[in-house]
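There are 2 protein chains.
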Amino acid sequence: MSQIRKDPASRTWVVLATERGKRPSDFKASAAVAKPDQAELDRCPLCFGHEDMAPPAVFEMWPAGGRGRKMTWITRVVENKYPALRPGELLSQEDVNEFFHFLTGVGGHEVIVDSPKHTDRLANMPHGQLVALVKTYVQRYRFWRNDKRMAYTLVFKNYGPEAGASLSHPHSQLVAIPIIPPRVAEELDEAKEFYARENECLYCRMIATELKGKPSRMVFENDTMAVFAPYASRFPFELRVMPKRHMSAFEEMSDAEIGDCAQALGVMGKSMEKLLSRPPYNLMIHVAPIRTPGLLYYHWHIEIIPRLTLPAGFEWGSGIYINTVAPEEVAKALRDGIKRSRPSNVAR
Amino acid sequence: MSQIRKDPASRTWVVLATERGKRPSDFKASAAVAKPDQAELDRCPLCFGHEDMAPPAVFEMWPAGGRGRKMTWITRVVENKYPALRPGELLSQEDVNEFFHFLTGVGGHEVIVDSPKHTDRLANMPHGQLVALVKTYVQRYRFWRNDKRMAYTLVFKNYGPEAGASLSHPHSQLVAIPIIPPRVAEELDEAKEFYARENECLYCRMIATELKGKPSRMVFENDTMAVFAPYASRFPFELRVMPKRHMSAFEEMSDAEIGDCAQALGVMGKSMEKLLSRPPYNLMIHVAPIRTPGLLYYHWHIEIIPRLTLPAGFEWGSGIYINTVAPEEVAKALRDGIKRSRPSNVAR
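The listed protein sequences correspond, in order, to chains A and B.
In short: position in the first sequence from 1, add 3, done, that's the working numbering.
In short: position in the second sequence from 1, add 3, done, that's the working numbering.
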């Protein structure tokens, strides 16, 4: 019989219906993202040397002492060419028909170029490049927390056309927005309530539970980061990356934690490709809102959702997800892949 | 400048960024759902005459006095071949790792065959067939409200593979589930709060506002039903169908209202096809939970979301939607199409 699992960190429920089910490796065939051709490379506005094809940079990371010589930038952040939100005056307004309400579309919308190399992916980026990428995220969080109009900074990544990526060059995006996103507000509410009841961070408890859980949903851990398939996974191969130490803001990470976070992303990229070719995915970083430093009840985390299934009328109408692959099975398959390729650094 | 619009009926926000934008007709090219071929017709388990290829029927509607003679059933409801939920004992359980929680996957999962004819769609079904379909929905709502274990009945429809339909024969689905879906719970919370504050149903106020609003978002109305593009449309061509009279349960409809609801669905189907070829879409009916008859603060409604765009990392991470087409423009385009084809029965 299937289970209707409650996500302890949100109001999401998941129908885990594994009888309909597929094995983890059954998703492989339909997954792979196509490799770029030469025409695509020639017109890519995010490649090194094509800087004049992209909007102006708002941030660039260069090797120490490298700028101005024959060096390559390491990461680069540009304004989105088609921004959903722009700088401007933040106003809260009644619609002409009184009952409705809107804010002016003030905010930021940036494209973070993950690497100068078009063919880089989380799975094949050198560790140093992954570290630079995480440091670039940290830099952009620091930048936006100074904008008094903004309430939230969301960093995310779409990989592959099925996940909504319109460019194949490795890139992430940032949206700074004057409201707290409803999905985050829901997590904040649940976490606050848990803290009031248990005097403990819900996510700290979750990590502790996952680290000792049997059957295990752990996929990978290093000194400071834990990666696991969440109990109420909405989608096959959904993953969470979380710091083991309590931390509500991404930019609170130490250099050691940044290195471990970069390692976790690389190992995840590799093990997903091993099992599923090059699956399209969305990656979203959930952090505390701007101007709430050091929240005791909230804990930043990264959500990774491969786009292998199509949410339809049931999911859109209910907010409940039907998932046909148990996260326990997903975790085992990913662990086995990591174990075979990297005998060290493996969770249990 | 774009607007960040708040949906008054939920916690959803929408970034309306029309500068990036397309005109309503620009969505046509990518939209059309393919027509079925002969091989598909031969193996279709939902066609008349193929009843032995489908699971057993739990309900059939026949013409008056027709059954047993050389007649065709009008609509038919069968169990889903791969049910996410099944009959059984409802138990609430702690996971072995204490912190987590699940219910046994008890419930119902039915396929409603909209018509015996494979090529029927909302856009081309005779009025009588649409009425039979709405009556079949009513019958299934009545059936499931007697199941003491269930909390909610969700009727929905996926049209086209991009909307998650695995069969092209016209069909709807029903899921009966022992929890109130989070998306509905959120609407209930908002509506309850509005009622406490305003002593009026939020949806009744919304309909009154839309009926007199300028610029108009109304698409169609008849004596008892209103169809409009919602103020905070998450997707291009998102629509709502609502009864003008206050009603929290779908099965409260009178025969006249059932006829008008059927007409509204048919007109919507036609006008969407006129503008967009045969767009894939999801249709979801939101009603009050089982065993809460006559709720004063909640009002049933139908949500229609064409699947022309792909929610990606931003939408999944935030619960905020970026929409590039204003609902005011969508409503005008659909109204113009209706006006040209049907000079009578048109809203304003």
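Read the hints as simulated data drawn from the structure, not as lab findings.
Everything numeric in this text was worked out from a predicted model, so none of it was measured.
Treat each hint with caution, since some may be false.
Copies of one chain are not kept apart here, so a pair can be met inside one copy or by any two copies together.
Under the rule of at most 25 Å between Cα atoms (straight-line distance), these lysine to any residue pairs were calculated in the SDA-like manner [as the list claims (entries may be wrong)]: (1) K84 - E22; (2) K25 - K342; (3) K25 - D98; (4) K151 - P218; (5) K247 - N225; (6) K195 - Q96; (7) K195 - H104; (8) K247 - S13; (9) K25 - D226; (10) K9 - P314; (11) K335 - N100; (12) K73 - S13; (13) K195 - P185; (14) K215 - P39; (15) K25 - P164; (16) K9 - L191.
Hint by hint, here is what the structure shows:
In the homo-oligomer, the alpha carbons of K84 and E22 lie at most 25 Å apart only across protomers (11 Å), although the nearest pairing inside one protomer, at 46 Å, exceeds that limit. Proximity of K25 to K342 under the C-alpha cut-off of 25 Å is restricted to the intra-copy arrangement: shortest distance 23 Å within a copy versus 49 Å between copies. For a Cα distance limit of 25 Å, the shortest separation of K25 from D98 across copies, 23 Å, qualifies, whereas the shortest one inside one copy, 49 Å, does not. Taking CA atoms no more than 25 Å apart as the test, K151 paired with P218 passes in neither setting, with 46 Å inside one copy and 33 Å between copies.
Taking the shortest alpha-carbon separations for K247 and N225, only the intra-copy value of 9 Å comes in at or below 25 Å, while the best inter-copy value is 59 Å. In this homomeric assembly, K195 and Q96 come within 25 Å of each other (Cα to Cα) only across copies, at 24 Å, whereas the closest approach inside a single copy is 30 Å. Only between protomers do K195 and H104 lie at most 25 Å apart by alpha-carbon distance; the minimum there is 19 Å, versus 28 Å within a single protomer. For the identical chains of this complex, K247 and S13 are intra-copy neighbours only, at 20 Å inside a copy versus 34 Å across copies, given an alpha-carbon limit of 25 Å.
Taking identical chains as interchangeable, the C-alpha atoms of K25 and D226 are never at most 25 Å apart, the minima being 33 Å within one chain and 49 Å between chains. For the identical chains of this complex, K9 and P314 are neighbours both inside a copy (18 Å) and across copies (23 Å), given an alpha-carbon limit of 25 Å. In this assembly of identical chains, the alpha carbons of K335 and N100 lie at most 25 Å apart only when taken from different copies (17 Å versus 55 Å within one copy). Proximity of K73 and S13 under a CA criterion of 25 Å is satisfied in neither setting, with 49 Å inside one chain copy and 54 Å between copies.
In the homo-oligomer, the alpha carbons of K195 and P185 lie at most 25 Å apart both inside one protomer (15 Å) and across protomers (19 Å), since each shortest distance falls under that limit. In the homo-oligomer, the alpha carbons of K215 and P39 never lie at most 25 Å apart, since the shortest distance is 42 Å inside one protomer and 52 Å across protomers. Both within a single protomer and between protomers do K25 and P164 lie at most 25 Å apart by alpha-carbon distance, with minima of 23 Å and 19 Å respectively. For a Cα distance limit of 25 Å, the shortest separation of K9 from L191 qualifies both inside one copy, at 16 Å, and across copies, at 19 Å.
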